[in-house]
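Visitor: On the provided structure of chain H, position chains E, S and L as indicated by the hints.
Number of protein chains: 4
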Amino acid sequence: MTEHILPEDSGKKPAKPRTDEEKQAVLNRLKRIEGQVRGIQKMVEEDRYCVDILVQISAINKALNKVGFNLLERHTHHCVKDAIQKGNGDEAIDELMKVLQQFSK
Amino acid sequence: MTEHILPEDSGKKPAKPRTDEEKQAVLNRLKRIEGQVRGIQKMVEEDRYCVDILVQISAINKALNKVGFNLLERHTHHCVKDAIQKGNGDEAIDELMKVLQQFSK
Amino acid sequence: MTEHILPEDSGKKPAKPRTDEEKQAVLNRLKRIEGQVRGIQKMVEEDRYCVDILVQISAINKALNKVGFNLLERHTHHCVKDAIQKGNGDEAIDELMKVLQQFSK
Amino acid sequence: MTEHILPEDSGKKPAKPRTDEEKQAVLNRLKRIEGQVRGIQKMVEEDRYCVDILVQISAINKALNKVGFNLLERHTHHCVKDAIQKGNGDEAIDELMKVLQQFSK
Numbered sequence: 085m086t087e088h089i090l091p092e093d094s095g096k097k098p099a100k101p102r103t104d105e106e107k108q109a110v111l112n113r114l115k116r117i118e119g120q121v122r123g124i125q126k127m128v129e130e131d132r133y134c135v136d137i138l139v140q141i142s143a144i145n146k147a148l149n150k151v152g153f154n155l156l157e158r159h160t161h162h163c164v165k166d167a168i169q170k171g172n173g174d175e176a177i178d179e180l181m182k183v184l185q186q187f188s189k
Numbered sequence: 085m086t087e088h089i090l091p092e093d094s095g096k097k098p099a100k101p102r103t104d105e106e107k108q109a110v111l112n113r114l115k116r117i118e119g120q121v122r123g124i125q126k127m128v129e130e131d132r133y134c135v136d137i138l139v140q141i142s143a144i145n146k147a148l149n150k151v152g153f154n155l156l157e158r159h160t161h162h163c164v165k166d167a168i169q170k171g172n173g174d175e176a177i178d179e180l181m182k183v184l185q186q187f188s189k
Numbered sequence: 085m086t087e088h089i090l091p092e093d094s095g096k097k098p099a100k101p102r103t104d105e106e107k108q109a110v111l112n113r114l115k116r117i118e119g120q121v122r123g124i125q126k127m128v129e130e131d132r133y134c135v136d137i138l139v140q141i142s143a144i145n146k147a148l149n150k151v152g153f154n155l156l157e158r159h160t161h162h163c164v165k166d167a168i169q170k171g172n173g174d175e176a177i178d179e180l181m182k183v184l185q186q187f188s189k
Numbered sequence: 085m086t087e088h089i090l091p092e093d094s095g096k097k098p099a100k101p102r103t104d105e106e107k108q109a110v111l112n113r114l115k116r117i118e119g120q121v122r123g124i125q126k127m128v129e130e131d132r133y134c135v136d137i138l139v140q141i142s143a144i145n146k147a148l149n150k151v152g153f154n155l156l157e158r159h160t161h162h163c164v165k166d167a168i169q170k171g172n173g174d175e176a177i178d179e180l181m182k183v184l185q186q187f188s189k
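Line order of the protein sequences matches chains H, E, S and L.
Our numbering numbers the first residue of the first sequence as 85 and each following residue consecutively.
Our numbering numbers the first residue of the second sequence as 85 and each following residue consecutively.
Our numbering numbers the first residue of the third sequence as 85 and each following residue consecutively.
Our numbering numbers the first residue of the fourth sequence as 85 and each following residue consecutively.
Source of the hints: derived by calculation from the structure; they are not laboratory data.
A portion of the hints provided could be inaccurate.
Put simply, identical chains are the same to the list, so a pair is met inside one copy or across any two.
[Unchecked claim] Under the rule of at most 25 Å between Cα atoms (straight-line distance), these lysine-lysine pairs were calculated in the DSS-like manner: (1) Lys126 to Lys96; (2) Lys115 to Lys150; (3) Lys115 to Lys100; (4) Lys97 to Lys126; (5) Lys182 to Lys100; (6) Lys100 to Lys189; (7) Lys182 to Lys150; (8) Lys146 to Lys115; (9) Lys96 to Lys150; (10) Lys97 to Lys150.
Fair warning: this is a prediction, and the values are worked out from it, not measured in the lab.
Okay, chain H solo, but in the shape it has when bound (with noise of 0.2 Å):
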């Protein structure tokens, strides 16, 4: 479904600005993440046990896909909503059908 990858910059904006909190709780999680990640090149270097590296992986994944959630939820709630209330929803909905598929490739 090649024709289906969205660009890596829309240059597109937020429907509504996040608030200082709402991006500091999402930076708060993405540098948990962030630190998981150099936790697991320390295994690596460590040449820990292959199950237990795997399981750290699977831990981010669970957080990472947590992020996503969050950040598609307020995306539905604001942008998508926005957009179909001023006419332009049909695109808002197939862009976000979009991101959704790549998610479950």
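Guide: Relative to chain H, chains E, S and L alone:
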């Protein structure tokens, strides 16, 4: 499936130590992933468009899964095979199944 | 996330009834999937090779997800959009998020 | 990853034939899944609410994955183990990895 939770540190070691080349290859990928996670932090700080951030999160997920798959492959070809040859195969296979299940959740 | 369980029958209806053509297209896919499930039963009865059966199960999963994705797309373009236009958007979006979460588990 | 496509019929057999009890247990699950697929067809014919249908599709996916996981577990404990003990381990492990990859796509 709480009974399926694996310990964070099993105290075990890979059946065959990773070579320096192998370690370096995994570390390079993990460093790139770490950079991608930092890139998302910057996107959040700059209040970038939600879907653009989601596309990056999905890319990190794929990159992490690739690292995980390679570790899994090596683990099965060495640790699981080794355990089976030494007569401890069932335990190693059960552990493998648990970690697969953790990834699919 | 037990609070996220959706009811088996909400008693609701699609905002825009499915046309006969739409129904038939979904039914055709589902009948093909039903045939594939029966095909796997035959494979089990004939004691066919495990990996061959797994390949078929993975094919059914993909076919089912395709049906699901199409329903989701239609649902968002009609029911969710319609609810937003009528001022009940947040409820419809929450419901959408719950069902997405159910798929990712 | 087209090179990773597995054949529909490998002509191989399980290392240890499934007992009648094992076959029956898998068949019972598959018959239940077949019934669920028919249930969705009825829901589509009755123009039932999209989200209600999606919930059912997600349930079938989970049930199918459970059957798949059990087959995978048995396959690894018998066929893969057997191949390793007979010295054909690497081929069996490669095949296992390919089928895992097919499920994650």
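Visitor: Give a verdict on every hint.
Guide: Going down the list of hints, with the structure as the test:
Taking CA atoms no more than 25 Å apart as the test, Lys126 paired with Lys96 passes between copies only; the shortest distance there is 16 Å, against 38 Å inside one copy. Taking the closest pair of Cα atoms, Lys115 and Lys150 come within 25 Å of each other both inside a single copy (14 Å) and across two copies (22 Å). For the homomeric pair Lys115 and Lys100, the shortest alpha-carbon distance inside one copy (24 Å) is at most 25 Å, but the shortest distance between copies (33 Å) is not. In this assembly of identical chains, the alpha carbons of Lys97 and Lys126 lie at most 25 Å apart only when taken from different copies (14 Å versus 37 Å within one copy).
Taking CA atoms no more than 25 Å apart as the test, Lys182 paired with Lys100 passes in both settings, with 21 Å inside one copy and 23 Å between copies. When the C-alpha separation of Lys100 and Lys189 is checked against a cutoff of 25 Å, the pair qualifies neither within a copy, at 29 Å, nor between copies, at 29 Å. Taking the shortest alpha-carbon separations for Lys182 and Lys150, both the intra-copy value of 19 Å and the inter-copy value of 13 Å come in at or below 25 Å. For the homomeric pair Lys146 and Lys115, the shortest alpha-carbon distances inside one copy (15 Å) and between copies (19 Å) are both at most 25 Å.
Taking identical chains as interchangeable, the C-alpha atoms of Lys96 and Lys150 lie at most 25 Å apart only when both belong to the same chain, with a minimum of 23 Å there against 29 Å between chains. Taking identical chains as interchangeable, the C-alpha atoms of Lys97 and Lys150 lie at most 25 Å apart only when both belong to the same chain, with a minimum of 21 Å there against 30 Å between chains.
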